[in-house]
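Asks: From first to last, the protein sequence lines stand for chains A and B. Under the numbering used here, the first residue of the first sequence carries the number 1, and numbering increases by one thereafter. Under the numbering used here, the first residue of the second sequence carries the number 1, and numbering increases by one thereafter.
Don't read these hints as lab results, they were simulated from the structure. Do not rely on the hints blindly, as some may be mistaken.
Copies of the same chain look alike in the list, so a pair counts if it works inside one copy or between any two.
Claimed, not checked - DSBU-like cross-link-like pairs, simulated, lysine-lysine; straight-line CA separation at most 35 angstroms:
no., residue 1, residue 2
1, K144, K176
2, K45, K134
3, K21, K36
4, K55, K144
5, K21, K141
6, K145, K134
7, K141, K45
8, K191, K21
Bear in mind the structure is a predicted one, so any value in this text is a computation, not a measurement.
Residues per chain, in single letters:
There are 2 protein chains.
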Amino acid sequence: MTSTTRTRSDVKRDAIIQAAKQAFQEFGVNGTSMDKLAELANVSKRTVYNHFSAKEELVMHLIKEQWQSALVDIGAPYDPQALLADQLTDLIMADINFMSGDEHLELARVAIGHFFYEPTRLKDEVAQLQAQEKAMHRWLKAAKKDNRMVFDDIEQVVEEMDSLIKGQCFWPQLFKLEDPLTEARKLQIAKGVTALILCRYGVNAPHRTT
Amino acid sequence: MTSTTRTRSDVKRDAIIQAAKQAFQEFGVNGTSMDKLAELANVSKRTVYNHFSAKEELVMHLIKEQWQSALVDIGAPYDPQALLADQLTDLIMADINFMSGDEHLELARVAIGHFFYEPTRLKDEVAQLQAQEKAMHRWLKAAKKDNRMVFDDIEQVVEEMDSLIKGQCFWPQLFKLEDPLTEARKLQIAKGVTALILCRYGVNAPHRTT
DNA sequence: GTCATTTTACACTGCACAGTTTACTTTTCA
DNA sequence: TGAAAAGTAAACTGTGCAGTGTAAAATGAC
């Protein structure tokens, strides 16, 4: 058992972080007073300030450290032997699982809500996420080199896939406009996106010139 | 000339509305005090309260009345004579022009920022926008009946198009992550979406079973 | 020119909330 | 077991801001 958080201090700290994550994502940073937060964490307000010298520091801890550590490496390199459709669906599923996972969604809600009116800072935070797209990038490039896909502008393809995925698995969930996705629904979406992309850019499909 | 706003009262009122739209979208409702707002509008604070009894009322005026009146009817019914691709590109262009128009973008920023942590109210506001999708809906249905498109689930097709459009013409602009779209770029995106959708659901394309 | 309406300046109330201080208690661990 | 470290409750400070009250001044209709 590596998990038992040791000192009482650590236990309290975790309680604060969990309560903050929960409250900030639900009511927003401005909608959560430090008194309310302390109460939710079952901790005295002074203890909160012993761990985080200011509210903003707590917010930044969530956005930087916690969100950082929620990042997942989306693996699976291109495999010339396997079916394109299967590989792509797997890649997309991995992306969907990350994007629509509770941890990511909650922290994204905190970050986006907090930086909504500060485009510069928001851009910085979002930038680190774009790294996730690199796996898709590499895979597409390999599939093209292997002559199983055809496209001029890889950025366009990535953007189209990204839009399709986020539009169905991220934005509606971020704003709680829709219920969380079931596994079946995720797979259905992944297959839909795969079909769309391969139909257009897979080698068997007819192409229209841009 | 129908435009000369008559009474001085109306002039002031307009100044307040314009200043509020500008300030709320840039700094957020909470980030704009009534004193600051009055100053921006070149109006005394008391005058603001003479026109709108509370801050929230001003916000709701922007979101309800102003946003309402920014709605555009996206016309063009299905035409069995014309090329599918041309018609669809036109429809999408109309959608893009609306979605990424300054008026819509600014009011959306006010509304989404204001209701970020109130999913229920946000859902209501967003719902009225979905009406815009009806034109696309009708067109797709007509094209299917005319045997020039094939699909099982029209909702899926609409959602895919919507994701593609918003992902490239709305979300990045809403958060000011990207520069405003040029006309050329809009057309490029519209053609990209058209190609993707027709390749998959147009009658000449090969189909994969879901 | 006069009277009603509207605007303005500015002082004022009340509240919510970030952050601090104090006096006291509990936990840790050497 | 006892001293250092961490936690607690509650009162307190200061600030920013929504909204009000008031008396004087500008505007406009007739």
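Asks: Hint by hint, say whether it matches the structure.
Replies: Quick rundown of the hints versus the structure:
1. K144 / K176: So K144 and K176 pass the 35 angstroms test across copies only (32 angstroms; inside, 37 angstroms).
2. K45 / K134: Neither, since 42 angstroms and 52 angstroms both go past 35 angstroms.
3. K21 / K36: Both: 13 angstroms inside a chain and 32 angstroms across chains, each within 35 angstroms.
4. K55 / K144: Neither. Shortest intra-copy (49 angstroms) and inter-copy (56 angstroms) distances fail the 35 angstroms Cα cut-off.
5. K21 / K141: neither (38 angstroms within a copy, 44 angstroms between copies)
6. K145 / K134: within (16 angstroms within a copy, 41 angstroms between copies)
7. K141 / K45: neither (53 angstroms within a copy, 59 angstroms between copies)
8. K191 / K21: within (33 angstroms within a copy, 42 angstroms between copies)
Checked against the numbered hints listed earlier, the structure breaks hints 2, 4, 5 and 7; every other hint is satisfied.
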